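Residues per chain, in single letters:
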Amino acid sequence: MVEYAARRMIWMIPVLLAVSLITFTLIHLVPGDPCNPDPGQHPIPPIAESSCKEKYGLDQPLFIQYTHYLANVLQGDFGVSLFDSRTVNEIIVDDFPVSAAFGLGALLIGLGLGIPLGLYCAARRNSTIDRLCTVLTMLIIATPSFVFAILLIFLFAGTLHLVTVLFYRDQWQSWLLPLALLGMRIVALVQRFVRAGVLEILYSDYIRTAHSKGLKQTTVYVRHVLRNGLLPLLTLLGPLAADLLTGSFIIESIFGIPGLGHAFVISVVERDYPLLMGVTLFFALLLFTFNLIVDLSYPLVDPRMAYR
Amino acid sequence: MNKLHFLALLMVIIAGISSPGVQSNTVKAVSHDTFDAGMVNSSATNSSGVKVLHIQGREYSRFDPQMTANNAQATLEGALFRGLLRYDENSNPAPSIALEVPTIANGGISADGLTYIYKLREWKWSDGKGVVTAQDFVYAFQRLVDPKAGSPYGSLLNGIVVNATDIQNGKQPVSSLGVKALDDKTLQVTLVKPASYFNAIASMWITYAVRKDNVERTGLPKDSSWTDPAYGVVVGSGPFIITKWDHNKEIVFERNPNYSGTPAKLDDIDQIVITDSKIAYAAYQNNELDISGFPSDLFSTLKSDPALHQYKAACTNYLGMNNVNPPFDNKLVREAFSYAIDRDTREHVVDNDINVKQLSWLPEGVPGYDPSLGTQFDFNADKAKKALADAGYPDGKGLPEITFNYVSSSDGQKTADWYKEQFKDVLNVDLKLNPIDLKTYLESFNDPAKRLTGLYEWGWCADYLHPSDWMQFVFGTNQANNVVGYSNPQFDKVSMAADAELDPKKAADEYRQAQELLIADVPVVFLNTPTATKLVKPRVLNLTPNALDGGVIGGFFWENIDLAVDNSTSQAALPTAVATKAQ
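Protein chains in written order, with our numbering: chain A, 1 to 308; chain B, 1001 to 1583.
If we strip away everything but chain A, and leave its shape as in the complex, we get (with noise of 0.2 Å):
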């Protein structure tokens, strides 16, 4: 296993590497100058223009700042913003918790709903219940989560007054929405997972071999059914977790959510290559480290799957 995992951890370095080389390549490639915002009202004079280009190191050929770039990541060093004051370790540090928070929120609440449901509408396959699921999860999965937000603003903010529109860090009752909004969606992609991993398994051969055996109908779903239906959610657990916990850029932004998401919409609007570089490479190791985890949690659910 110990082994595994080093030759996993070595290979990311190449992973984060192209993945650092693909962002800094793109960026350069939109138009728009960090040094020059705004040409047609406000065209910064040459000098001024160089001067600034000299000191964020954006004179130098593109080469060199990528070199420059990654000694100083090798080092923890992910530079300065160029739009905001902070840094960029400093930005991450600030609001990778707020996104974390969010994103461990939903996933709780995704996995504590939507694993019964998931359970429940298996066993009871076209029931009421199990449609209604199927047509509310669509629903949930198939809508832009901007229009739910605000459907869901207008209703307990504006009109129940349960809740405030916008997102006070103080003030808990300003954390529900977002949450819940964060949450349907995980809850939604669950219950699907879920519902549809156990019923693959539920009409098997084994299973149906386990009900001749004279087995319990508990000892058949907990022993067989539940360990074997759940795999597929694992699976879906790495990116899901990595991707949660970096933020979501829309729920974020539209509730003014300081977190990560929120940052990175603002790093592409203000052409910040360091954030928008620093951001990217953070979300590439921790969907890296989280596949990681996942795969070698494989083998304690499922023994068939040993390191090779």
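Note that these hints are calculated values from the structure, not bench results. None of the hints are false.
In the EDC-like style, the derived pairs of lysine to aspartate or glutamate whose C-alpha atoms are separated by at most 20 Å in a straight line are:
1) A:K55 with B:E1216
2) B:K1193 with B:D1492
3) B:K1148 with A:D33
4) A:K55 with B:D1223
A short list of chain A residues far from chain B (calculated; beta carbon distances all over 10 Å):
5) I64
6) T67
7) A71
8) A101
9) Y120
10) L202
11) V220
12) L226
13) T235
14) L236
15) S297
Note that the structure is predicted; figures quoted are calculated from it, not measured. Virtual Cβ for every residue (Gly too), placed ideally from N, Cα, C.
Guided by the hints, dock chain B onto chain A, whose structure is given.
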């Protein structure tokens, strides 16, 4: 219930909730009557009587006056810093930290108009440590022109203040700038030529005093971090101090206890960063914001709401064309195109009435504005046809193909389609539509080699509130800002004389004459002035908008803004000066 029925029911529910007309009225009625404003700490006055103004904000990079080109940002800096002068309600320079506005009569300006003396009053820094000195202003001016600092307004003093151009070009050290401290309380500015508008420049945010030891303190992650209170106290000189900057979330200004002017009435200004106008509007309705934007498609619905205010910006938009090449070298052709535009319909159809029709060159808010100028070129289909015929193109015959350039976007397309139909109807001219990307569009105005041929919409916004920023500077022969290639020696003579005129009365006459000459020549087709539209709660009092405030309403007089404790106090105190109430 089968799937289909359920789905149908759900659709009905959703449609009911999201229908804007029904929805917004319901929300409004409820929120005004029953919502307990004290539920969040966000309403006008909380139980302890602390007055907090909540406004919709956006994220900024910094509040560094010398480094600011964005009007909204500059307006907020007006709460934190003070300069030599400031604009009064009529856009004229008024004293701020300087004791008086220098004139020849009071001896502040030398007889040759080249030397300005600003006497400073006793003005404390916000941390209570010391007072603003002439040396602080020297530092501010030097920061502005220092090419290494890279101010977007660094070139504004070029050709006006001694050595500014050479410093910007790296040929002279910043210390050679013609701004000197004669003693702690006397600042002397030496100009290279008489400039009647220098006091208007000295009223801009770029000359606000900043304290060197605060700007250049150590331990900051980057140069611009000095205005972030997370890295230590930010020292200013305005009615407020910045005390909290929760990035992408909230910016809090608190009353400056050491302010040397009239103390601010508000305790706090709380700007909540919210970019989505739908959410801002919902928050406003929920009493979480006092001043807010709203989705532009609600404009026609909200027009009758007394809380809606429309403030004109100091900008003029026009339809531009090259004055050098045919067919627009012919003034009659330019006239024909001006007559051919039904601006009232255009504003309504194309701009949703967010812009306001304007036929003069100077917009409201800039001294010298006169709405009666240019009205002779308003929409008149008969005159349009006649002018085009007189130019030798009866019914559009013989006219070379005319291109309309626009930024390819749905709004751009809408505009282009409207012009195409309008010019076809009135002049029988078929426009060739040329959608281009924003970058190319913008470059065409900076680089003479990349100028667009044909028609395009463009405009000019005031840097400072004075006609000099609009005349020779924009339409002078061979000026960099003269994108249309207009040239009239008479206009050049009058406008340059006005810029150098030391007698304000005479200068105003000359600027008027220059504007009349310009408008008579139809160098471009004047269209409209843009506005900022805001919802303002009736409890917000003494808001004084300014044509330069970039949508952050009331910026130049933050200290006057107050909040009524009682919601029933109403409209009477709201501004009428520059504000044009939407009807």
